[in-house]
Amino acid sequence: MNAPTRGVELRDVTFSYQRSTKWHPTSGIDLDVPSLRLDPGLTLLLGPNGSGKSTLLKLVAGIEPPATGVVTIDGADLWTREREARLGIAYIPEQPDLSPYAAVGEVVRLVCSLRNVPWSAGQEMLERVGLGGLEHRTVRELSQGQKRRALFASAFLGEATTLILDEPLVSLDLDMREMFLSWLRERLDRGACALLSTHELEPFSDAVNAVVSVKSGQVVKSVPPELGAERLERLRSLARGSESVD
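For the sequence shown, this note's numbering assigns the number 62 to the initial residue and increments by one for each residue that follows.
There's no promise every hint is true.
Simulated crosslink set (DSSO-like; lysine-lysine; CA at most 30 Å straight-line) [stated by the list, open to error]:
1) K119 <-> K282
2) K119 <-> K276
3) K208 <-> K119
Derived from the structure by calculation, the hints contain no laboratory data.
Just so we're clear, the structure is a prediction, and the values are computed from it rather than from any experiment.
Please build the complete structure, drawing on both the sequences and the hints.
Given below as structure tokens:
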């Protein structure tokens, strides 16, 4: 039997918040992805605010189901082979979305269980991110910074192979920033597939091997230009939506 192809693939995917009127009555965000493949390495997701970047990240992370089409992770369909497809996903949203009445330890223990990681590793990770001794505190009792640390502790556990990252550097102190960048480098070195949306391009520009641009719900992929100042300036132009991907 052939080994599954590593990476993320979207085929004939469409999405519209118009169908979810209870939660998004006026957003009207539409996304159309006829074909998109993300290979191992770092793919930068760029586009103006409101273009659909966060929606695309949620589709790939399995947070939102597509209206039509298929999303696969390492060859497994996100919605028909859920456990297999989601086992290696680490999703870091811009805003922590943790159950407010769950204890920090319960959140991390669940992640340990899903990823076949011993609870002792979860406790060690809580110590590393500065939440040691807070495992019995509920999420709603944490500061915003502590909630982000709990989110990162969950993401760092296990051997994540698909990284979905939405503005991961926002509001991080220097220690957490370096911990995140070190984890990302280590995961990429081990062949992970990462999709990153960020307004802070400099820490990532040299590692990017593909760019996905979203504008008005249309998704286009390209290989970025060579290293150097021109590359970074072009990435900035794409982020502003003032240039199209070739």
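Do the hints match the structure? See the list:
1. For a cut-off of 30 Å, the pair hint linking K119 to K282 stands: about 18 Å separates their Cα positions.
2. For the proposed pair K119 and K276, the alpha carbon gap of about 17 Å is at most 30 Å, so the pair holds.
3. Restraint check for K208 and K119: the C-alpha separation of about 19 Å stays at or below 30 Å, so the hint holds.
Figure legend: structure checked against the earlier numbered hints; every hint is met.
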